[in-house]
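Residue numbers (our numbering), protein chains in the order written: chain A, 1 to 370; chain B, 1001 to 1323; chain C, 2001 to 2333.
It should be emphasised that the hints constitute simulated quantities derived from the structure, not laboratory data.
Predicted model, so just to flag it, every value in this text is computed and none were measured.
Cβ coordinates follow ideal geometry from the N, Cα and C atoms, glycine included.
There's no promise every hint is true.
[As the list claims (entries may be wrong)] Taking CB as the label site, the calculated pair distances span:
(1) A2180(C) with T168(A): 35 to 45 Å
(2) E1315(B) with G2274(C): 53 to 63 Å
(3) S1321(B) with G2274(C): 47 to 57 Å
(4) T168(A) with A2100(C): 50 to 60 Å
As a plain string of letters, each chain reads:
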Amino acid sequence: MIAVGIPTTDVNSETAELIKWYVADRAAVSEEQPLAEVETSKAILDITAPADGFVLHDARVGDQLSLAEPLAFVFASVEELERHVADAQVAVAPSSAERVTEPARRRAAELDVDLDLLLRRSGDLITTAVVEAAADPSPDSEQPLPEPLAAPPGIRRIALIGAGLGATQVLDILRGDEEQRTIAIVDDDPKLWGITVADTPVIGGVQRLLALRAQDAVDAAIIAVGTSVPARVRLREICRQAGLPLANAIDRTARIATGVQFGSGNIVCAFCHFGVGTTVGDNNFISAYNSFDHHSVIGSNIATGPGCMTSGVVKIGDRCRLGTGIFIEPHVELGEGVRVASGATIVASVPPDHTVKTRHTTTVVVPNRQ
Amino acid sequence: MRSLDGTDFLDPRSLAGVAATPGVPDERLAGVPGEPVDERLYRRMRFIRRFEERLLELFDAGILIGTTHACVGQEADSVALMEHLRRDDHVFSNHRCHGHYLAHTGDARGLMAEIMGKPDGVCGGIGGSQHLAAAHFKSNGIQGGIVPAAAGIAFAHQLDGSESISAVFIGDGTLGEGLVYETMNLASLWSLPLLVVVEDNAWAQSTPASVNLAGDIRARFAAFDLAVARIDSTDVREIADAAGRAVDLVRTARAPAVLIIGTYRLCHHSKNDDNRPAAEVQARWELDPLVVHGRRLSDEARGRVDDDVNAAIEELVASLSTP
Amino acid sequence: MIYARALGQALSDALGGDERVVLLGEDIADPYGGAFKVTKGLSTAFPDRVRTTPISEAAIVGVAAGLALAGYRPVVEIMFGDFLGLCFDQIANHIAKYEAMYNGQATCPVIIRTPSGGGRGYGPTHSQSLEKHFLGIPQLKVFAASLVHDPSALLSRALGQAAPVLHIEHKSLYPLEPLARSEVIGTVVDLAGGDAPPTVSIRHVPRESCAATVVAYGYQAEIARRVQARLALEEEIFVELLVPAQLAPLDWEPLEASTAVTASLLTIEEGTSGWSWGTEIAAEMSRRRFGQLRRPVEVLASAPEVIPGARDLERRVLTGEAQIEQAMRRAAG
């Protein structure tokens, strides 16, 4: 029996919708025959059979399918299929979402404790004890918090906000920066205080950062929290109110032509190219090997995947999200909030709040034939 | 078939160093190079006989304890078969394994030491009389249980694609075990190069075959489409002829075969447990294989070989008796 | 993929990776592919080394012994564990003894696989867990498949050493999927066993917060795991579940380490009660932890009766979820 899943090509989607079945339930199918059409937030995919056999539907049209679960099974014979259906042992897989005990849930409600925060903080089971500890946290007295690193005079002192994967990337970019130096990292998860990420200490939470600012011990901040847009918005607001500018982290391999202007809080990864006369707004995350040809206008709060290329005089509006390997012809304008699927080639402008999807057959992995 | 007069016999010295015990088997026991075949055959049977006699004396004297199963009277069977086996053939034997072991390896010291429970015995004193192992030789004391193992070794030869065969010794009493028949069925179906040698000495411990065995022994094997031959003799040359034919058949046809040897045990089953009619036993002494074959030697030769063997065995016992 | 297919794949990899591996068993050849379909496809792929046999358990195992003595790596399938009695002599008096009684001059690395256990209404002679009668045979290792041990890793381990192995596969495991560690709530760790395959520990909270140690194998380990999760999530009753893959000789270290903290031990098996796996563990752990356990070791096993064919009667005899839950509550109490 082979489970047929949805290849997770789309990192921005967590579910896919089953649009239609191409084959009936229990039909005979041959390898690579299309079985179903599913749609993610960025692409329409054909799911094909991994082998010859008989297919058993495991989802209905309209279902929102988790990308981790199969939508069908292929059996080598009808007998096997029937046996599987008849033999349905109560193989209850534990719900992997179940990480909070029932008593803990009730207690959290009583004490008004944010379970999501607790779940994000650690992978352990959330029990009543954990909830009660969170509701009344006694200060973690023993360990004094580390001090920020020293920076030579004349070097801009940068604090990173966020100690996760985003931090390691930004730290690597800044390592090649001759004018800026990361002196500290702050993060709101107290469990991370005191640890070191790439030789840079996590010195406390955002409050500590504001304290540093008040002491004039830091010059600018970079938000290295990648995932949550609301969190980034919140943190930018905090920095703005504290008068703390946001720095740019631009990899030293980036080729920036004459007359290019950058806003603040941008992160630019390796081997990017910004052509003559291009302007870039604020708080953009540009992945490696992006190229924006001459006189392009890149807005703010944009995120791109690696290998995106624009021709000259392209406009990318605020809050656009690009996948990887995207090509944009000259004079094209992407409106605000446009999302583009990986591999798209865009030859005409796209109105705001629209999605450019690609349609392609899925790739499947099969063992070599003996 | 190999000629008994030729010189390419299973030279026990070729097995020296392959077995557990160090050193070369004593020529006086295993065969002097260049001696006539008849002398060699006589010598090797006398070796086994003297070894067993001496062993039983040590038990009677209380120097050895435990149980043992001597093969007095059946020496010709093992000596005859070993004339035709090659180095890579395998022999599996049963509780009455001394003759088979000594004919195969010539290792008197290892066996005596083993039965004495000494660390330089064949199996370090752990196996004892019935559980011996050397290169291409094993024995175990469970009736019938060795037969499928021998078949498995034959199967291994088949998978290897080699010319080797696997031989197993059983007795008439073993034919009560169902496992023998399961194995004959398998060996025949898969055409395994297995030679089953049945030493039919008409008595299973204290029970005569007439009480133990219904029907015919040959027919049992023939029922599985196995090639079966029977020889009733204690003459080592006759038995060797028959053994040679059987070995060649298995080796060339790559199929199982059975050789039934009608023989007789001239000693007790183990110790002090012989209830057979005295007259019957007495009559069989006249067919003692050493006597039958010994007639082919001159008195001088016979006497010389007897002295050789006796001396060698005495030296062995003496050397093992000193602490 | 389900356990039966995963095991079949493991056997296929073993056959493909080592020419000395030979499979013997009744009805294991294609197209039938074995009573539980584990060997499906193998005789087609490896016709010389995957052989179906007559109904001769003793001879099959005996021939495997000979193959092993001659340097091959035979894997024998005994169709039902209930039939192990037919090859007991070969296992106890031959296979398990060769290496030792020949003073190390031979090895006999036979692997005997057998589907065992009840719960399918197959009746008194096709539902038993007879492995208890093989525990403690010197030189013999008894393995038990579970959903938390990778079948391929366990088979490789058996093939990678020279002792004979009896590999018990509860038939209720066959249609289930081995558990991906990521799918199991709680912490799943391998407690390294040195020579032995690791004992898997499953717990939802740190050991210090666990009220009991529960040790189980095979399908009962899976039932125990579900009960353990339910008790944890619904009632915050926390126990540490230990699942060894090698039943005998048993690695005592994980049990010692766990009971040093929990001071309470429960064993679970489907074999009949009395003179069993659990009673051996109880005796040994009571000795090792004498005076330190807060309650006597509890041994949960099936009733010492024939296993009826009728499903509801069978359920009353065999160790089931209800008894496991009650026992776990007592152990944690």
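Evaluation of the provided hints:
Distance hint for A2180(C) and T168(A): a CB-CB separation of about 27 Å, inconsistent with the stated range 35 to 45 Å. A beta carbon spacing of about 57 Å between E1315(B) and G2274(C) agrees with the range 53 to 63 Å that was offered as a hint. Hint check: S1321(B) to G2274(C), Cβ distance near 50 Å, so the stated range 47 to 57 Å holds. The hinted window of 50 to 60 Å between T168(A) and A2100(C) holds, with their beta carbons roughly 56 Å apart.
The structure fails to meet hint 1 from the earlier list, while all remaining hints are met.
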